[in-house]
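A.B. asks: Position chain B relative to chain A; hints supplied.
So the sequences go chain by chain: A and B. Take my numbering: the final residue in the first sequence is number 151, and no numbers are missing along the way. Take my numbering: the final residue in the second sequence is number 135, and no numbers are missing along the way.
Hints should not be assumed to be uniformly reliable.
[Unchecked claim] Only part of the chain A face toward chain B is listed, based on derived beta-carbon distances under 10 angstroms:
hint, residue
1, Tyr43
2, Leu44
3, Pro50
[What the hints assert, rightly or not] Facing chain A, from chain B, some residues (calculated, C-beta under 10 angstroms):
hint, residue
4, Arg14
5, Leu25
6, Phe38
7, His64
8, Gly72
9, Ile77
10, Val90
Source of the hints: derived by calculation from the structure; they are not laboratory data. Every residue, glycine too, gets a C-beta built ideally from N, C-alpha and C.
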Amino acid sequence: MSGLLSEEVLSHIGRQSEPRREIVTRRDIRKYAVATGNRQTKYLSGDIAPPLFHLHLFWDVVPLNELSPDGVSIDPLLPKFPLDKAMAGGLDITYHRPIKSGDWLTATRTLTDIYEKAGRSGPLIFYEVLMEVRNDNGELVISEKTTRIMR
Amino acid sequence: MRAAPSVGMTLPERQHDCDVVQQMLYNASLWNGHRIHFDMPYATEVEGYPGLVVAGPLIGDWLHQVVDEWLGDSGMITAIEYSNRVAAFVGETVTAGGTVTGYDADSGEITVEVFVKNDRDDILAPGVITARLNR
Numbered sequence: 001m002s003g004l005l006s007e008e009v010l011s012h013i014g015r016q017s018e019p020r021r022e023i024v025t026r027r028d029i030r031k032y033a034v035a036t037g038n039r040q041t042k043y044l045s046g047d048i049a050p051p052l053f054h055l056h057l058f059w060d061v062v063p064l065n066e067l068s069p070d071g072v073s074i075d076p077l078l079p080k081f082p083l084d085k086a087m088a089g090g091l092d093i094t095y096h097r098p099i100k101s102g103d104w105l106t107a108t109r110t111l112t113d114i115y116e117k118a119g120r121s122g123p124l125i126f127y128e129v130l131m132e133v134r135n136d137n138g139e140l141v142i143s144e145k146t147t148r149i150m151r
Numbered sequence: 001m002r003a004a005p006s007v008g009m010t011l012p013e014r015q016h017d018c019d020v021v022q023q024m025l026y027n028a029s030l031w032n033g034h035r036i037h038f039d040m041p042y043a044t045e046v047e048g049y050p051g052l053v054v055a056g057p058l059i060g061d062w063l064h065q066v067v068d069e070w071l072g073d074s075g076m077i078t079a080i081e082y083s084n085r086v087a088a089f090v091g092e093t094v095t096a097g098g099t100v101t102g103y104d105a106d107s108g109e110i111t112v113e114v115f116v117k118n119d120r121d122d123i124l125a126p127g128v129i130t131a132r133l134n135r
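For reference, chain A alone in the conformation it holds in the complex (with noise of 0.2 angstroms):
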């Protein structure tokens, strides 16, 4: 450990989002399936989504004056790492259930874990957010672990 990490920035492990709740159309269910290349007719139709649909159903709509000069959100969850170089992460993701249009979806979003560990040409940070979406029943419909890496 070269103690990248300090107590602050620590100290944000376990912090949650808002939960935001969504309803799921069959528009942008279309929108969806066109847009990635799909070609089965029970989605292309908005019957039912997709899988990872829920990317597009909560990624964060910010206001454009919100957006930092490289056009990405801010996401308030996270602190300000001592690296900033982002490299590519990793998703491991969980469907419970399938999402219909008419679905009413919300998700919450925590910050599960920060770490450190040596790479080949220095310090690497990692972070970890879990996402739960669940419908109204309160069952959980997708689990969703990201995994991004900082250099």
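C.D. replies: Okay, now just chain B, sitting in the frame of chain A:
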């Protein structure tokens, strides 16, 4: 799905042209304003990329489609684990495919190793998808 799954079976591959209009529509549908996906001077001169970067989660979607199209109405994807390792750029053609690595006939659970690769055979995104056949 035309034939019962078996370990080692390869799934039909599919090529995706990383087209600029598709990038625009995809990122707009997400509300993703990251300039590296549509602003060529920014992507090349500020970030130093050789071209417009294909959105990482779109490549993740193509991983899903390999298994989801193969399953059709016979089952559903229950989980995926994947990472974006190498970037793809607008104008490239990439190939998505997969191989069945596990099948339990009793539970109907299937695991498939999936990939998206470019024309130099670099794996852009490796992943493992778990699916369950309808009982």
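A.B. asks: Determine for every hint whether it applies to the structure shown.
C.D. replies: Structure-based check of each hint:
1. For the restraint placing A:Tyr43 at the interface with chain B, the shortest Cβ-Cβ distance is roughly 9 angstroms, inside the 10 angstroms limit, so the hint holds.
2. With 10 angstroms as the threshold, the beta carbon of A:Leu44 stays out of range of chain B, its nearest partner Cβ sitting at about 12 angstroms, so the hint is violated.
3. At a threshold of 10 angstroms, the smallest CB-CB gap from A:Pro50 to chain B is about 7 angstroms, leaving the interface hint in force.
4. The criterion of a C-beta within 10 angstroms of any C-beta in chain A is met by B:Arg14, whose closest approach is roughly 9 angstroms, and the hint holds.
5. Evaluation of the B:Leu25 hint against chain A yields a held restraint, the C-beta minimum of about 4 angstroms falling below 10 angstroms.
6. At about 9 angstroms, the closest approach between the beta carbon of B:Phe38 and any beta carbon in chain A falls short of 10 angstroms, and the interface hint on this residue holds.
7. With a cut of 10 angstroms, the hint placing B:His64 at the interface with chain A holds, because the nearest CB-to-CB distance is about 5 angstroms.
8. The criterion of a C-beta within 10 angstroms of any C-beta in chain A is met by B:Gly72, whose closest approach is roughly 8 angstroms, and the hint holds.
9. The restraint placing B:Ile77 at the interface with chain A holds, with a minimum CB-CB distance near 5 angstroms, inside the 10 angstroms limit.
10. Using the Cβ-Cβ criterion of 10 angstroms, the hint placing B:Val90 at the interface with chain A is not satisfied: the shortest such distance is roughly 14 angstroms.
Of the numbered hints listed earlier, those contradicted by the structure are 2 and 10.
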